[in-house]
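As you go down the protein sequences, you meet chains A and B in turn.
Going by my numbering, the letters in the first sequence line up with residues 17 to 205, in that order.
Going by my numbering, the letters in the second sequence line up with residues 17 to 205, in that order.
You may find that some hints are simply not true.
Copies of the same chain are indistinguishable here, so a pair counts whether it falls within one copy or spans any two.
[Said to hold, decoys possible] With a Cα cut of at most 27 Å, we get these calculated DSSO-like pairs of lysine-lysine:
1. K184 <-> K196
2. K26 <-> K127
3. K147 <-> K179
4. K117 <-> K97
5. K147 <-> K97
6. K147 <-> K69
Note that these hints are calculated values from the structure, not bench results.
Protein chains: 2
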Amino acid sequence: MELLKQRILKDGTLENGNILKVDSFLNHQIDVELLNEVGKEFKRRFSAEKIDKILTIETSGIAIAAITAQYFNVPVVFARKTDSKNMDRDVYESSVYSYTKDRNYNIRVSKQYLNEGENILLIDDFLARGKAMEGLIDILDQARCNLAGIGIVIEKGFQEGGKLLREKGVKVESLAIIEKPVDGNIIFK
Amino acid sequence: MELLKQRILKDGTLENGNILKVDSFLNHQIDVELLNEVGKEFKRRFSAEKIDKILTIETSGIAIAAITAQYFNVPVVFARKTDSKNMDRDVYESSVYSYTKDRNYNIRVSKQYLNEGENILLIDDFLARGKAMEGLIDILDQARCNLAGIGIVIEKGFQEGGKLLREKGVKVESLAIIEKPVDGNIIFK
Numbered sequence: 017m018e019l020l021k022q023r024i025l026k027d028g029t030l031e032n033g034n035i036l037k038v039d040s041f042l043n044h045q046i047d048v049e050l051l052n053e054v055g056k057e058f059k060r061r062f063s064a065e066k067i068d069k070i071l072t073i074e075t076s077g078i079a080i081a082a083i084t085a086q087y088f089n090v091p092v093v094f095a096r097k098t099d100s101k102n103m104d105r106d107v108y109e110s111s112v113y114s115y116t117k118d119r120n121y122n123i124r125v126s127k128q129y130l131n132e133g134e135n136i137l138l139i140d141d142f143l144a145r146g147k148a149m150e151g152l153i154d155i156l157d158q159a160r161c162n163l164a165g166i167g168i169v170i171e172k173g174f175q176e177g178g179k180l181l182r183e184k185g186v187k188v189e190s191l192a193i194i195e196k197p198v199d200g201n202i203i204f205k
Numbered sequence: 017m018e019l020l021k022q023r024i025l026k027d028g029t030l031e032n033g034n035i036l037k038v039d040s041f042l043n044h045q046i047d048v049e050l051l052n053e054v055g056k057e058f059k060r061r062f063s064a065e066k067i068d069k070i071l072t073i074e075t076s077g078i079a080i081a082a083i084t085a086q087y088f089n090v091p092v093v094f095a096r097k098t099d100s101k102n103m104d105r106d107v108y109e110s111s112v113y114s115y116t117k118d119r120n121y122n123i124r125v126s127k128q129y130l131n132e133g134e135n136i137l138l139i140d141d142f143l144a145r146g147k148a149m150e151g152l153i154d155i156l157d158q159a160r161c162n163l164a165g166i167g168i169v170i171e172k173g174f175q176e177g178g179k180l181l182r183e184k185g186v187k188v189e190s191l192a193i194i195e196k197p198v199d200g201n202i203i204f205k
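Next comes chain A alone, as it looks inside the complex (with noise of 0.2 Å):
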C-alpha cells in the first residue's frame, strides 16, 4: 500500500538503529484518515471472504479495527491484556510470549463474544513473530470459530511470524512489509 509505505517513510524513525517506531500516526497519535485508507485496502483484500466479526488485541490495535470495520459492516471484538474486574470470568484464554517484555501474558475474549462457525478477520497494527496471532488463533480454535484471515498494517519481514502462518495456509495481508533496518534506512519487500 504505497500511501501507507510514504509515510513510514517520511514519520517513521529507527530507535536504536533498528526498532521501527510509528507512534506520530499508528500506535499513540493515530491519523485517523490515513487508518481510513487502510481499511478500505483490508476491504480489497480481503473482498473474497466473508466476514463476521474482526478480531484484535488492546491496545494498538483497536482504532485501526474499528475504523476497518466499518467497510466491513461487522463488530469488532477485542482480546484484553489485562485482568478487568467488571470483565466475565467466562473467556477462552491463551498465554502469549512477548519478546519485547520477556514474558507470559494471557489474553482473554468473553465466550459469549465469539461463536462458534463464525468467520473471524484478525487485525493487528504488528506483526513480528507472531505470537499475539498465534494466542488469537488459538482462542479461536477454542470458540470453533474459522479464521478467515490475518490483516496486518506493518510486517516485520525479516523475522518468522509471517512465514510460519502463510506456511499453514492462512491468507496474511500486510499493508507494507519491512525488511531488516541496516545504517537506519526502511526498505519495504
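Following the hints, put chain B in place on chain A, whose structure we already have.
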C-alpha cells in the same frame, strides 16, 4: 441520545445489581455502527468549539475516539496506562487513582503530540468520579493546551465527577446519564 439509551436498556447488564456493564457493544465487543452515531452526536454537541485534536485514554476510549475523530477531521492521541519499552521517555505524566483497582496508576502522553495552544476534546466511555479526566486535564495543563470540552458516552450521574467538572466551567457532554441503579433497574436522568 435516545438510540444509545435504548441500547443500554436492551443490552446493558447490571452486575451485582449495580455495576452497569456494556461489554456487548462498547467495552469488549464494539458496535461500530452505534459508535458512528455517537461520533455524529459528539460533533453536533461540540460544533461550536474549535477542536484540533481528540485525547482519550486506553483502552475503552480508543475505538470511540477514533470513530468520533472522523467527524471532526482531527487526529486522536491516547494516553497510555502501561509503561512500554518502545514509548518515548519525554512524556507528560499524571497519577490517577482507580477506585475499581484501589490503587494509583500513571498515565502518559508523549510531549511531541500535544502542542501549546491546541484545543483538545477529551473523549471517554464512562465518567464516574472523574479521576481519569482530572489526570488528562492535568496533562493538558502541563502541555499548555486548551480544554475544549469533554465528551462522555455514559455518565454515572450519582457520582460526583460530572458535577465537579461542570462547576469548574468545563463543557461536559454525556450522551446518557444514569441514576444509581435500584432493584436492578437502569434509570436515565
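Now the hints, each set against the structure:
When the C-alpha separation of K184 and K196 is checked against a cutoff of 27 Å, the pair qualifies only within one copy, where the shortest distance is 23 Å, while the shortest distance between copies is 52 Å. Proximity of K26 and K127 under a CA criterion of 27 Å is satisfied inter-copy only: 20 Å between copies versus 42 Å inside one chain copy. In this assembly of identical chains, the alpha carbons of K147 and K179 lie at most 27 Å apart only when taken from the same copy (13 Å versus 45 Å across copies). In this assembly of identical chains, K117 and K97 lie within 27 Å of each other by CA distance both inside one copy and across copies; the values are 13 Å within and 16 Å between.
Taking the shortest alpha-carbon separations for K147 and K97, both the intra-copy value of 13 Å and the inter-copy value of 22 Å come in at or below 27 Å. When the C-alpha separation of K147 and K69 is checked against a cutoff of 27 Å, the pair qualifies only within one copy, where the shortest distance is 21 Å, while the shortest distance between copies is 33 Å.
Violated hints: none; the structure is consistent with every hint.
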